[in-house]
Amino acid sequence: MSIDVEALFTKALGLGAPWRIEKVDLDTAKRRIDFHLVCDEKRLDCPACHAGEQGIHDRIEREWRHLDLFQFEAYLHAKVPRVHCLECGKSLLTEVPWARPGSKFTLLFEALALSLCKDLPVLQAAKLLRCVDKKVWRFINHYVPEARKLDDMSEVKDIGIDETSLHKGQSYITVVHDLKKKRLLFATEGKDHKTVVKFSDDLKAHGGNPEQIEHVCQDMSAAFAKGVGEALPNAEICYDRFHIAAMAGEAMQEVHRFEMKTNVKLIKEALGDDTKVLKNLRWGMLKDPSDWNQKQTTAMHKLQRTTLQSARAWSLKMDLRKVYNNALVSNDKQQAQAELKDWLSWAKRSRLEPFKKLAVTLQGKFDAVVRGMLDHRNNAYVEAMNGLLQQTKRAARGYRDARNFISIAYLRMSKLKHLPNNPLEMAAPLTMPTGAPGVLTHRCM
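Going by the numbering used here, the sequence shown opens with residue 2, and the numbers climb by one from there.
One should not assume that every hint holds.
[Stated by the list, open to error] Here are the computed lysine-lysine pairs in the BS3-like style, where the Cα-Cα straight-line distance is at most 30 Å:
#1 303 - 334
#2 280 - 357
#3 195 - 182
#4 418 - 205
#5 280 - 358
#6 280 - 227
#7 357 - 323
#8 195 - 416
#9 277 - 262
#10 277 - 303
#11 416 - 205
#12 181 - 416
#13 192 - 182
#14 266 - 303
#15 136 - 418
#16 416 - 119
#17 349 - 227
[Claimed, not checked] The calculated label-pair distances, taken between Cβ atoms and stated as ranges, are:
#18 80 - 391: 45 to 51 Å
#19 339 - 362: 18 to 24 Å
#20 213 - 41: 52 to 58 Å
#21 230 - 316: 32 to 38 Å
It should be emphasised that the hints constitute simulated quantities derived from the structure, not laboratory data.
Computed from a predicted structure; not experimentally measured.
Virtual Cβ for every residue (Gly too), placed ideally from N, Cα, C.
Work out the full structure, taking the sequences as your base and the hints as a guide.
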């Protein structure tokens, strides 16, 4: 191959002195192209102490997978100099500008892998890249922690805390989100009060101040409340409306299930002995009225004209939703307190045990519940992101361990600013930083 072509590829790879391409081998049968690089320098700086003009002890052959070139897999080969330093007495391999130490892939290949994993399951991304997924996990577990070290949390004031299951409820991950900037701040194993303490420590490590946290939106976890009291002294807790709505929905279903077991004869007398009607009733109770189809609308209208416990339970659930909606519209604290007290009184007198228990729970957290009613900040974003994580986990057939789960959560949801850029999205030509050759511009360090 001519010198001009080799010089062209040297520039295309972003290489500079002392590195250049010496030879290019193309194997059309194996659909592979190999670039052989050489270092022209006879003396180099020590990689350890940076003493200049040290002798080269020997050269060790290395290979790196690079981005595909046309339809061919591309590989870089180089005999990497091992420098023997007379100052510190060490003999170490010099770093190459196209790959990080110890990796068998170029920086650009790893950057592309990370970009794909932001949207695709890791296993699917690995198949597209034609490498094993363990390699891709190594990229993620290297770059994400490095990018998080540079993450700035100095302006965080409003947070949402929640837990998400890792393995079908057998283990949990606690996640903390910035409600203002809508990004994941912290994730750790467990769901006890110590997870909030760990977040406080992580917040301080990233320039934040635990005393600056003003607002915490969470579910009714006593463990999280204890952790907030210990680690976030100035934070006010408000209980998320979506969790309370879910609790009311579960209380309604518990009443309906009990009635179906004990008074099924009474239900059939009131609604008719038709399994389709009972099925439409069950789905109608779970759905929003605006989403009812014609058959569900008919079944629910029949239910409301009965004295069944299920009818009272559904009315209690819907009335609690109305209390929340009124609070959001009026933004009147006194009105919200009065309407919530009326609902609690009704629930306690309803003779429905699940709603009596719910009323006692809400009464004990009354002030925090009212704050959640009036505050437009809530865990809707947190819940949406947790749902997205669960969907991704199922698509990827599960993550192998908690570390991988947390790493992929940071990659997708933390809006990290110090990750490598996607090499396929670059609009400008490659530029070399001062004093460093080649593709070091793509490193996240």
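Evaluation of the provided hints:
A threshold of 30 Å between alpha carbons decides the hint, and for residue 303 with residue 334 the separation of about 36 Å lies outside it, so the pair is violated. Between residue 280 and residue 357, the direct Cα distance comes to roughly 27 Å. Compliance with the 30 Å bound is thereby established for this hinted pair. Restraint check for residue 195 and residue 182: satisfied, since their Cα atoms lie roughly 25 Å apart, inside the 30 Å limit. A hinted pair counts as satisfied when its Cα atoms are at most 30 Å apart, and residue 418 with residue 205 qualifies at roughly 19 Å.
For the proposed pair residue 280 and residue 358, the alpha carbon gap of about 27 Å is at most 30 Å, so the pair holds. A distance of roughly 42 Å separates the Cα atoms of residue 280 and residue 227; the hinted pair therefore is violated under the 30 Å criterion. With a CA separation close to 19 Å, the supplied pair residue 357 and residue 323 stays within the 30 Å bound. With a C-alpha separation of about 25 Å, the suggested pair residue 195 and residue 416 falls inside the 30 Å cut-off, and the hint holds.
Only pairs whose Cα atoms come within 30 Å are accepted, and residue 277 paired with residue 262 is accepted, the gap being roughly 17 Å. For the hint pairing residue 277 with residue 303, the CA-to-CA distance comes to about 13 Å; that is within 30 Å, so the pair holds. Distance hint between residue 416 and residue 205 is fulfilled; the C-alpha atoms sit about 19 Å from each other, no more than 30 Å. A threshold of 30 Å between alpha carbons decides the hint, and for residue 181 with residue 416 the separation of about 13 Å falls inside it, so the pair holds.
As the CA atoms of residue 192 and residue 182 are separated by approximately 24 Å, the hinted pair is consistent with the 30 Å bound. Of the supplied pair hints, the one linking residue 266 and residue 303 holds, its CA atoms being roughly 16 Å apart against a limit of 30 Å. Distance hint between residue 136 and residue 418 is fulfilled; the C-alpha atoms sit about 23 Å from each other, no more than 30 Å. Under the criterion of a C-alpha separation no larger than 30 Å, the hint pairing residue 416 with residue 119 is consistent with the structure, at around 11 Å.
Proximity of residue 349 to residue 227 is assessed by CA-CA distance (about 27 Å); at most 30 Å being required, the pair is judged to hold. Between residue 80 and residue 391 the C-beta distance comes to about 48 Å, which sits within the given range of 45 to 51 Å. Distance hint for residue 339 and residue 362: a CB-CB separation of about 20 Å, consistent with the stated range 18 to 24 Å. For the pair residue 213 and residue 41, the supplied restraint of 52 to 58 Å holds, since their beta-carbon distance comes to about 54 Å.
Judged by the Cβ atoms, the range 32 to 38 Å given for residue 230 and residue 316 holds: they are separated by roughly 36 Å.
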